[in-house]
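2 protein chains.
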Amino acid sequence: MAFDITIADLGDLVRGAALLGTGGGGDPAIGHTLVAEALRDAGTITVIDPDELSDDDFVIPTALMGAPSVLVERLPRGSEPVDALRALERHTGRTATATMPIESGGINSTIPLFVAAQLGIPVVDADGMGRAFPELQMETFAVYGVNGSPLAIADEHGHTAIVNTVANNKKMEDWARALTIKMGGVGYIAEYGMDGAEVRRTAIPRTLSLALRLGRTIREAREHHRDPVEALSELLPETLYHRGEVIFSGKIVDVERTTVEGFTRGKARIAGFGDEPECTVDFQNEYLVARIGDETRVLVPDLITILHLETGEPITAETLRYGQRVRVFAISTPEMMRTPAALETFGPAAFGLTEDFVPFERLARTGVR
Amino acid sequence: MAFDITIADLGDLVRGAALLGTGGGGDPAIGHTLVAEALRDAGTITVIDPDELSDDDFVIPTALMGAPSVLVERLPRGSEPVDALRALERHTGRTATATMPIESGGINSTIPLFVAAQLGIPVVDADGMGRAFPELQMETFAVYGVNGSPLAIADEHGHTAIVNTVANNKKMEDWARALTIKMGGVGYIAEYGMDGAEVRRTAIPRTLSLALRLGRTIREAREHHRDPVEALSELLPETLYHRGEVIFSGKIVDVERTTVEGFTRGKARIAGFGDEPECTVDFQNEYLVARIGDETRVLVPDLITILHLETGEPITAETLRYGQRVRVFAISTPEMMRTPAALETFGPAAFGLTEDFVPFERLARTGVR
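From first to last, the protein sequence lines are chains R and D. Residue 1 is where the first sequence starts when you use UniProt numbering, and the numbers rise one by one after that. Residue 1 is where the second sequence starts when you use UniProt numbering, and the numbers rise one by one after that.
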């Protein structure tokens with residue numbers, strides 16, 4: 001069902017998007033600022049359900065590519081993602097009737113809202129990751145047969161490039177990544193253009209409305225002096241993400257973090273409040289694997305989130321700090337992200353992990369050493 | 001005047017092109033191989049004079065970008081530069097009526113011949129450097145107001161990208177360079193698309209026929225037991241390159257060479273046969289500055305060539321070796337490459353040299369310390 005987003009919704013939306021961003025996806029405060037400015041001019045933004053798309057619709061997803069941390073010092077001029085979408089329209093000779101996120105995250109859930117506000121087109125309530133991932137080929141769109149190419153990328157000077165690697169979405173990622181580095185670390189992209197039927201077949205549906213519900217659930221629980229994480233656990237079984245569970249509570253005792261080829265890689269160690277073994281969480285932009293002692297407890301593409309112990313506010317990998325008191329909260333990924341084709345694209349092996357994927361709700365019972 | 005190139009012409013053509021390549025532009029033997037194969041199928045290639053172009057003609061120059069040394073192990077599949085030209089045609093909606101070199105050099109004088117043979121279109125007898133330079137913004141096309149963008153680049157898998165940095169030709173170079181690195185060191189490009197009037201206004205005319213004459217002059221002098229370099233000196237005053245002169249003869253006693261960001265940089269030292277001071281030649285792909293003792297004698301964009309002492313065969317910077325007996329032969333660059341706008345784009349300062357440009361025919365008399 002279509003609904004409108006107003007400034008009053010933004011706080012909840014970016015909080016929920018940051019939760020789904022599973023440590024990555026950028027600073028939700030920046031996403032908030034971007035869309036708030038666009039909404040001041042536009043009033044509202046319309047979000048439509050994938051089921052409301054006709055087969056004649058042409059949806060062009062839009063996103064930021066690169067290091068979201070660059071944005072802290074350099075907010076977009078305003079037209080960059082629109083420039084990318086326009087460049088793709090001119091190149092393909094087709095006009096976008098809607099835009100859509102490629103992933104859920106503090107910034108990339110908001111870029112399409114920003115585009116929609118400027119162009120007066122709707123945003124589709126869906127995306128291609130149902131969470132955040134670091135690379136452009138890691139899309140359910142790609143898993144289920146939509147090519148990312150042609151991709152358009154724009155910088156803050158209105159300069160653009162088109163990448164067309166046909167069905168090779170990994171090469172599209174590589175070439176576009178090289179361009180973002182030349183652009184100073186960040187570019188704005190339009191890619192995976194597709195019709196309404198392809199959206200319904202390949203996208204994770206209703207992730208914008210889910211982000212809004214998740215963010216609202218955390219806030220309202222706090223307002224009613226309830227435990228936000230308990231409220232989340234009650235909500236999730238009503239969604240495609242059918243289970244959410246706290247796997248560890250404790251205090252962050254160490255964070256290793258390095259930036260390699262534009263990615264933030266590292267590991268956080270969390271000590272429990274008792275004498276249980278420590279929990280470690282490895283990340284590459286996003287949280288990839290959570291272990292307790294030497295037992296693997298959650299594996300990508302299941303969602304690992306780290307939440308402030310009391311407030312339930314999601315903490316991104318870039319803002320993890322020694323001494324934070326946190327809960328590690330795992331969420332089942334939707335079933336269409338656990339198929340063999342999906343796991344080949346963004347399962348543990350795609351990140352260099354040696355474990356085979358096991359759904360966390362089974363790991364939680366048995367553990368894997 | 002239009003003329004046809006046949007296999008019998010190729011040896012002379014690539015020898016002359018390597019001379020104009022001024023140390024860069026790649027191995028002429030590879031250029032020879034490429035075009036010989038294309039000519040076996042096509043029979044002849046037609047070269048037309050810039051004055052024969054109508055204003056309705058649309059000329060798309062084609063070239064190799066990257067490290068020509070990669071080609072030694074990986075000859076093009078055949079369709080790469082054609083793929084680039086076709087991608088630019090599709091993107092612009094305009095069809096090329098001819099192609100043209102962007103520079104003179106052992107390989108880039110031949111890529112357009114290769115394209116022309118496959119497509120049955122003519123090659124324009126002109127180029128945008130009148131020699132070789134290492135970067136794409138260093139074109140008389142750019143100096144005199146033609147944009148390089150949109151540029152198309154293709155790899156050996158038929159994958160392509162379009163770069164559109166509007167009037168910023170240096171940024172076009174940077175982005176395309178980043179893509180060639182992702183392509184394994186070499187890409188094939190189509191850029192600086194322009195009409196017939198723009199070719200006549202901005203290109204260095206008749207450099208393909210000049211390469212053919214220069215190469216033939218060297219060969220015929222050898223066959224007639226004349227000094228090839230003397231024969232070149234007699235020919236050049238009939239051309240836009242109005243003067244050629246040996247500035248040093250000797251033996252190579254040292255070559256420093258490093259590869260930095262895809263460029264071959266270095267310095268050659270040449271000891272004279274008497275007790276005169278040594279000659280040094282600095283290069284970045286191409287020879288940039290020749291000094292005798294501490295006197296600067298030739299500066300980019302004037303052409304510095306290093307020729308085998310007896311045969312007059314041009315030696316590229318990549319094939320300079322200790323012990324070679326050589327002559328350093330300087331050639332005046334055409335006047336349209338010595339204007340203030342031209343010198344800003346590819347004069348000494350563009351290569352980090354501190355000397356102001358002085359035409360070599362004046363330096364030869366006075367020297368600069």
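Read the hints as simulated data drawn from the structure, not as lab findings. Treat each hint with caution, since some may be false.
[As the list claims (entries may be wrong)] If the Cβ cut is set under 10 Å, some of the chain R residues that face chain D in the computed set are: (1) ASP155; (2) GLY158; (3) VAL163; (4) VAL166; (5) ASP174; (6) LEU179.
The structure displayed is predicted, hence computed values, not measured ones. For every residue, glycine included, the Cβ atom is placed at its ideal position computed from N, Cα and C.
Hints versus structure:
Annotation: interface hint on R:ASP155 holds; nearest CB of chain D at approximately 9 Å, less than 10 Å. A least Cβ separation of about 7 Å between R:GLY158 and chain D falls short of the 10 Å threshold, and the interface hint therefore holds. The beta carbon of R:VAL163 is positioned within 10 Å of a beta carbon in chain D (closest approach about 5 Å), and the interface hint is therefore held. Below 10 Å, beta-carbon pairs count as interface contacts, and R:VAL166 has one with chain D at about 6 Å; its hint therefore holds.
For R:ASP174, the interface hint holds, since its Cβ comes within 10 Å of a Cβ in chain D; the closest pair sits about 5 Å apart. Interface hint at R:LEU179: satisfied, since its Cβ lies 6 Å from the closest Cβ of chain D, which is below the 10 Å cut-off.
Every hint from the earlier list agrees with this structure, and none is contradicted.
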